[in-house]
Amino acid sequence: VDSSGTDVGNIFIGRDAGYNPTGGYNVFVGYNAGKGDGTTKSAGTNVGIGAYALLKITTASTAVAVGYDAGGDLTTAAGSTFVGYQAGKNVTTASNNTFIGQNSGRVAVADAIQNTAVGVDTLYDLTSGDNNVALGGWALTNVTEGSANVAVGVSAGTMLTTGDSNVAIGNESLKSGTTVGYNIAIG
Numbered sequence: 488v489d490s491s492g493t494d495v496g497n498i499f500i501g502r503d504a505g506y507n508p509t510g511g512y513n514v515f516v517g518y519n520a521g522k523g524d525g526t527t528k529s530a531g532t533n534v535g536i537g538a539y540a541l542l543k544i545t546t547a548s549t550a551v552a553v554g555y556d557a558g559g560d561l562t563t564a565a566g567s568t569f570v571g572y573q574a575g576k577n578v579t580t581a582s583n584n585t586f587i588g589q590n591s592g593r594v595a596v597a598d599a600i601q602n603t604a605v606g607v608d609t610l611y612d613l614t615s616g617d618n619n620v621a622l623g624g625w626a627l628t629n630v631t632e633g634s635a636n637v638a639v640g641v642s643a644g645t646m647l648t649t650g651d652s653n654v655a656i657g658n659e660s661l662k663s664g665t666t667v668g669y670n671i672a673i674g
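488 is the number of the first residue of the sequence shown in the numbering used here; add one for each residue after it.
Simulated from the structure, these hints should not be mistaken for lab results. Mixed in with the good hints there might be a few duds.
[What the hints assert, rightly or not] Lysine to aspartate or glutamate pairs mimicking EDC-like chemistry, simulated, CA-CA at most 20 Å apart: (1) 543 / 560; (2) 543 / 617; (3) 528 / 494; (4) 528 / 560; (5) 543 / 598; (6) 528 / 503.
[As the list claims (entries may be wrong)] What follows is a set of in silico ranges between Cβ atoms, one per label pair, in the way DEER data are often shown: (7) 528 / 671: 20 to 28 Å; (8) 503 / 658: 38 to 46 Å; (9) 549 / 526: 19 to 27 Å; (10) 503 / 532: 14 to 22 Å; (11) 549 / 670: 32 to 40 Å.
Ideal Cβ placement from N, Cα and C applies to all residues, glycine included.
Required output: the full structure, derived from the provided sequences and hints.
Below you can see the structure in the form of structure tokens.
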């Protein structure tokens, strides 16, 4: 424990939970939850529940990860929420994302910010797209660099990869477009 008084209000339950981080008001529950590494410093006000949740945390703050390996690669990002098996697994420094559902935002890394995805495999392949909203299983699952897209419904916008500013409402709407932009598809 840091004698400077910064390591206050922490709760660690489980083998190696919270093993390396310094900082206060963290809750890590589960095998290796919030374990960090030897360089981990001042990670504060985070919650990691589940084996490997927030495993690689270093200086991240206000992150919430619930589920096996949820947010597992997160290091320095702030303000993100990951709920579900490997939700946001590969996010490292991308901030202010919300990924809820198994593998939601699974591939997202450093350059994907302010995205919201709810459902299995939603925004799965996202790497650098911003401000996307995906609601429904497999919605926008193949988007890699697309930004400002909205998809509501099972498999809505599922084949879209790099298109921007599209709206897809309804199951399988805008299912075949890959790099299209500025479209509205309903039904």
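Here is what the structure says about each hint:
1. 543 / 560: holds (5 Å)
2. 543 / 617: violated (23 Å)
3. 528 / 494: holds (11 Å)
4. 528 / 560: Holds, at roughly 16 Å.
5. 543 / 598: holds (18 Å)
6. 528 / 503: holds (16 Å)
7. 528 / 671: 20 to 28 Å: violated (47 Å)
8. 503 / 658: 38 to 46 Å: holds (43 Å)
9. 549 / 526: 19 to 27 Å: holds (20 Å)
10. 503 / 532: 14 to 22 Å: At 20 Å between Cβs, range holds.
11. 549 / 670: 32 to 40 Å: This hint holds: roughly 35 Å between Cβ atoms.
Hint compliance for this structure: hints 2 and 7 are broken, all remaining hints hold.
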